[in-house]
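Taking the hints into account, I'd like the entire structure generated from these sequences.
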Amino acid sequence: MSRNNLYKFGLILAISIFCLFLSYPPSEQINLGLDLRGGIHLVLDVVVEEAVAGQVRTDMGRFQDLLEDEGVVPSETILDSDVSFSMTFNTELLRDQAEVNAINYYSSYNVNLSSNPPTLNLSLDPAEQDLAKDAAVRQALQTIRNRIDQFGVAEPVIQRQGMTGTRILVQLPGAEDPERVKNLLRTSAILQFRLVQEGPAETREALVAAAGGQLPPGTEIVESIPETVNGIEIPPMFYLLDIVPIVEGGELKDARLSQDELGLPAIGFTLEATSAQKFGEFTSTNIGRLLAIVLDDRVQQAPSIQARIDGDGIISGQFTLEEAEDRSLMLRSGALPASIEYLEDRSVGPSLGRESIRQGVLAAIIGMSVVIAFMLIYYKGAGINAVVALALNLIIVMGVMASLQATLTLPGIAGLILLIGMSVDANVLIFERIREELDLGKTVRSSIDAGFSKAFSAILDANLTTLIAAAFLFQFGTGPVKGFAVTITIGIVASMFTALFVSRLLFAIWTSTRRQTLSI
Amino acid sequence: MRLIGKTHIDFLSRRGIGAMVSATLILASIASFVFHGGLRYGIDFAGGSQVIVLFAERPDLDVLRDTLVAEGIEDPTIQEFVAQPGREEVLIRTPLKGEDNAGLLGEIYSALKVFDPRQAGVGQELDFNTVSREVVASRLLAVNPLEFNIVVDIDDARAEYERVADLALSVRDQAGLLSSWDSVEGTGIDPRILNWMQTTFYFGGYAVVGQDFVGPQVGADLRLQTAYAMFWALLGLLAYITYRFESRFGFAAVVALVHDVFIAVGAFSITDREFNLPVVAAFLTIVGYSLNDTVVVFDRIRENRQTQRRMPLAESINLSINQTLSRTMLTSGTTLAVVLSLFFYGGPVINNFAFALLVGVVVGTYSSIFVASPVYYELAKRAIAKKK
Chain S
1 MSRNNLYKFG LILAISIFCL FLSYPPSEQI NLGLDLRGGI HLVLDVVVEE
51 AVAGQVRTDM GRFQDLLEDE GVVPSETILD SDVSFSMTFN TELLRDQAEV
101 NAINYYSSYN VNLSSNPPTL NLSLDPAEQD LAKDAAVRQA LQTIRNRIDQ
151 FGVAEPVIQR QGMTGTRILV QLPGAEDPER VKNLLRTSAI LQFRLVQEGP
201 AETREALVAA AGGQLPPGTE IVESIPETVN GIEIPPMFYL LDIVPIVEGG
251 ELKDARLSQD ELGLPAIGFT LEATSAQKFG EFTSTNIGRL LAIVLDDRVQ
301 QAPSIQARID GDGIISGQFT LEEAEDRSLM LRSGALPASI EYLEDRSVGP
351 SLGRESIRQG VLAAIIGMSV VIAFMLIYYK GAGINAVVAL ALNLIIVMGV
401 MASLQATLTL PGIAGLILLI GMSVDANVLI FERIREELDL GKTVRSSIDA
451 GFSKAFSAIL DANLTTLIAA AFLFQFGTGP VKGFAVTITI GIVASMFTAL
501 FVSRLLFAIW TSTRRQTLSI
Chain E
1 MRLIGKTHID FLSRRGIGAM VSATLILASI ASFVFHGGLR YGIDFAGGSQ
51 VIVLFAERPD LDVLRDTLVA EGIEDPTIQE FVAQPGREEV LIRTPLKGED
101 NAGLLGEIYS ALKVFDPRQA GVGQELDFNT VSREVVASRL LAVNPLEFNI
151 VVDIDDARAE YERVADLALS VRDQAGLLSS WDSVEGTGID PRILNWMQTT
201 FYFGGYAVVG QDFVGPQVGA DLRLQTAYAM FWALLGLLAY ITYRFESRFG
251 FAAVVALVHD VFIAVGAFSI TDREFNLPVV AAFLTIVGYS LNDTVVVFDR
301 IRENRQTQRR MPLAESINLS INQTLSRTML TSGTTLAVVL SLFFYGGPVI
351 NNFAFALLVG VVVGTYSSIF VASPVYYELA KRAIAKKK
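Note that the protein sequences, when read in sequence, are chains S and E.
Each residue of the first sequence is one higher than the one before, starting from 1 at the first, in my numbering.
Each residue of the second sequence is one higher than the one before, starting from 1 at the first, in my numbering.
Hints are computed from structural coordinates only; laboratory data are not their basis.
Being a predicted model, the structure only gives us computed values, none of them experimental.
One should not assume that every hint holds.
In silico BS3-like cross-links for lysine-lysine, where the CA-CA straight-line distance does not exceed 25 Å [stated by the list, open to error]:
(1) S:454 to S:442
(2) E:97 to S:442
(3) S:454 to E:113
(4) S:380 to S:454
(5) S:380 to S:278
(6) S:380 to E:97
(7) E:97 to E:113
(8) S:278 to S:253
(9) S:482 to S:8
Written as structure tokens, this is what we have:
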């Protein structure tokens, strides 16, 4: 063997060993897709309009409180739409005072005045709406990330789809029980402590009557959760609550699984220091009144305030152990700013994935045996050459996939199998060309040289076209299809390398032993 | 060894036969398309929900359908997915219904519970085959068979019970479905826990091993994306061939590609197979493969036209096809071998994908000889006549 060939041989050997090293053992080094490994794939959409509407509603309540503190009391306050609200005043003077406040403190709103009756209209600026929507998606992303972190899934994928999109992709390899995960992610977990103005009452009408036939400004009616006591279902009660909460879920320092005085599962919580102080002051001045604990727009419980409450407390209310655990997890990880909808749910159990791998490997072994047998019978000595190239090809593909952390999916396995059949093409093109040259009566060495050089353009063009198709596949595909594009792409590049470089070298080594015949 | 020696087949003068075959196949595709009212879209494109259910015993599909309908599931499609002893898988699919689709999967789950022929024994309230790790762990914590001092060692107890729940259910998940405690016993779980498990759980007769839900928006987006991907891929390939060869080669190659994809889509319509996302991937691969085949022939034509300038066009094309014929047969043969292996042994999940490849390999090989080359011949002949 010439020195040059020896170097090349060493290089190829080094590449193969390196690739083997990278991809061994495959079960640990090759990243399996969800379809093979099992897991949960969700695409969810944040209903951002809700977040905007929620912000407008809170702003309306806060503005109302601000005006009352200033002594500028509107006679009526109504929500006009999801993005605007109006306040009616008894005099134009009051309206103008309110306008000054609106301009000073609520600059994100466009303010409009009208007379007869004197009315102030505030609508959220469209640019501010977009900001609020974007913030809602980012907050939802963060909340979901927190919840999944706490849930404890290894290597989750949580991504926003597109820079400005409202969709979020969640992939949880190895996770089971998709319905529970979906509930965990979907629940808003908005916790509020709100003062009860009236109630509880058995019907909405009774509550309105008790309040004097008309809802006082800054209040709204909220239902309680239906309870079951001794197997008897108690229908929900109605409460009249302040719109603006005393303390909110965002002010929690911690929430955890706890027990109530009966030993039933409950949620224990601790407030942030400043909120704890605010809460302590509030409760000490409102002893004897009812305090509603509202979770996701339902009154969970409404105990009366017995004494000053500082930072700690528990929320009870007929939770199962699992519910209490999940709820405290949600409260710890923050609230969702808006509800979410599931657009896509694709979950694969581990047994289905394992079955797919088994069948894929079986198909690969059968396909590969047929191809190897065929090449050896058809091309005899040169067939060994093609088989070496094929084996090297697979080793390189696995090595590159391992080092790129590319994901192997079921269509990816199919791509590998297809590759076994297609990658001998380059060798076939070369061998057929060599045979043609030999038929013309050329020597072995010059036939080989001519075979390689003449087949080159066909190999290049044929492989590049397949590469172009694979590139478009990669662009457009989602998970499994992308996996197919990846294996095909790596495989084609590898097969060109093995056919043009490795095969060539093997022929060179063959002829350097001064053999004047070629087994082809 | 040589399959075919030197051949001198006059392919071009038989191009009429080729045209007839192609026309017949394309007409059959169109007819089937009209007759079936388009392709049968899989869940990727049509949306809806779908579960793959593993049964312990072969289920009566008619009874299953009746149960689903009785439980309020509209228009379910039920299909035997795998039917091997020990692995009876059934695919249940339901279409989207109007606006609210969030509960679709849940409805199938509850209907399956009704269908399950295996029922709980006395005191056995939970199905071991469908229960989740969290439920097992929290039940264990509540019952506390290992008698931890819950007040002091709550964290240790929780960790231990979570570990045991995971261990036991991993055994189940690997198998998909269990019918006895043998394999759980084999893990060396504490007998007190095993004893509790045996009295608390029963083995239900089914397990959902895969679930899909695709909302209406996602399906619509995918259909659009697919159309774009196909369009750009064809355009990109046309550009490449035109750049590397000349425009007549490019045009002829794309005619062959469109021909191949048309027939492959037609084959899906005729066999009433489901058209899903991996099938599109297969079609794009067909496009690549068919072009690969065509390019090898065109490369030879280009070479022969340059080296033997006096040779008449038709003769030169025929010579090129004959020279590359054994390569064409060999590569198609090895590719076909692996695709057949994929089709027969690759499993139900990718069966449609393998079918698309199978059709594509056959049609792609045929089209480079009987479509691409004749179209190039006609175009080049006209160009030469014009020059004169």
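Hint-by-hint comparison with the structure:
no.: 1; hint: S:454 to S:442; result: holds, 14 Å
no.: 2; hint: E:97 to S:442; result: violated, 72 Å
no.: 3; hint: S:454 to E:113; result: violated, 66 Å
no.: 4; hint: S:380 to S:454; result: holds, 22 Å
no.: 5; hint: S:380 to S:278; result: violated, 88 Å
no.: 6; hint: S:380 to E:97; result: violated, 61 Å
no.: 7; hint: E:97 to E:113; result: holds, 22 Å
no.: 8; hint: S:278 to S:253; result: holds, 14 Å
no.: 9; hint: S:482 to S:8; result: violated, 34 Å
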